[in-house]
Amino acid sequence: MSLSVDLTVSCVLYKTDPAEVAMMREQVAAIPLRTHLYLVDNSPGLRPGISTEGDVTTIVTGANLGYGRAHNIAIRLARGTADIHLIANTDVLFDGGAVLTLVDRLKRSNDIGMVAPRVVYPDGKLQYLCRLLPRPADLIGKRFFGWCSWGRRRNDEYELKSWNYASEANIPFLSGCFLLSSHDVLEEVGGFDERYFMYFEDLDLSRRINSRYKTLFVPNSNITHLYRSKISKNKNLTRYLIVSGLRYFSKWGWLFDAHRKRVNAETLMAINHARS
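The sequence shown begins at 0 in numbering that gives the first Met the number 0 and counts up by one.
Please note: incorrect hints may appear among the correct ones.
[As the list claims (entries may be wrong)] Each computed SDA-like pair below joins lysine to any residue, with the alpha-carbon atoms no more than 20 Å apart:
(1) K106 - K213
(2) K160 - K14
(3) K14 - N63
(4) K124 - R104
(5) K213 - R107
(6) K250 - N219
(7) K160 - V119
(8) K213 - R104
(9) K160 - L99
(10) K160 - K250
(11) K260 - V242
(12) K14 - G61
(13) K160 - R134
The hints are simulated quantities; they were obtained by calculation from the structure and are not laboratory data.
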């Protein structure tokens with residue numbers, strides 16, 4: 000594709016409300032950069048194909064390929080047209096200034112591989128989306144034992160809730176709802192691991208980039224995430240979560256994961272030092 004833009008953006012759709020898609024298109028168009036938006040539609044019953052209208056390319060897959068695989072299609076198609084790529088959910092609200100802050104921070108240092116903003120709910124409350132690399136017990140505690148003190152303690156450490164999210168930090172797990180990286184870095188690590196149909200793909204990508212570069216939380220960039228989780232009401236989503244979790248820990252280690260132990264210790268040490 001013979002484009003030359005400053006920023007490419009990809010979003011994955013699945014039976015997504017057209018109003019939500021229109022909102023995303025408007026927000027991307029308002030970024031004070033030359034942008035191109037790639038919408039990868041995994042919705043069933045649509046005829047596969049690719050079409051471009053102005054600064055938006057729509058890729059209809061004809062099947063539900065999964066979140067990471069769909070983003071990879073857009074990332075590969077966008078490669079060579081821009082230096083920087085934004086991976087975003089459609090259920091986020093942001094302004095151009097938040098994106099410019101992230102772009103500037105990413106470009107200022109060659110040792111930064113990915114950046115993410117401070118994320119809040121619509122009511123302004125912080126979303127704890129900066130996380131350690133999880134141990135199996137962290138996710139079991141979060142999912143099934145959040146009601147007890149043991150589960151809450153595990154989750155509070157995992158989500159770094161003792162930290163005020165007010166300073167930059169190299170975080171090994173940044174949420175996939177809004178991530179900026181360079182096309183070179185995404186190509187270097189191979190993009191998303193497509194073995195995850197849904198869930199854990201952002202964790203896996205963060206971990207691989209963080210093993211080579213900083214994955215930086217940038218607190219002076221702020222967005223709102225509507226976050227309409229449907230896991231508890233949908234048996235298929237719960238199954239995807241469990242299968243992806245099994246694949247993640249089988250890939251990286253269950254009880255013994257030296258990289259996880261070292262990186263988490265370094266992250267907690269850095270955060271505690273910044274807080275003192």
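**Asked** Quick check: which numbered hints come out false for this structure?
**Response** Violated hints: 2, 4, 6, 9, 10 and 11; rest satisfied.
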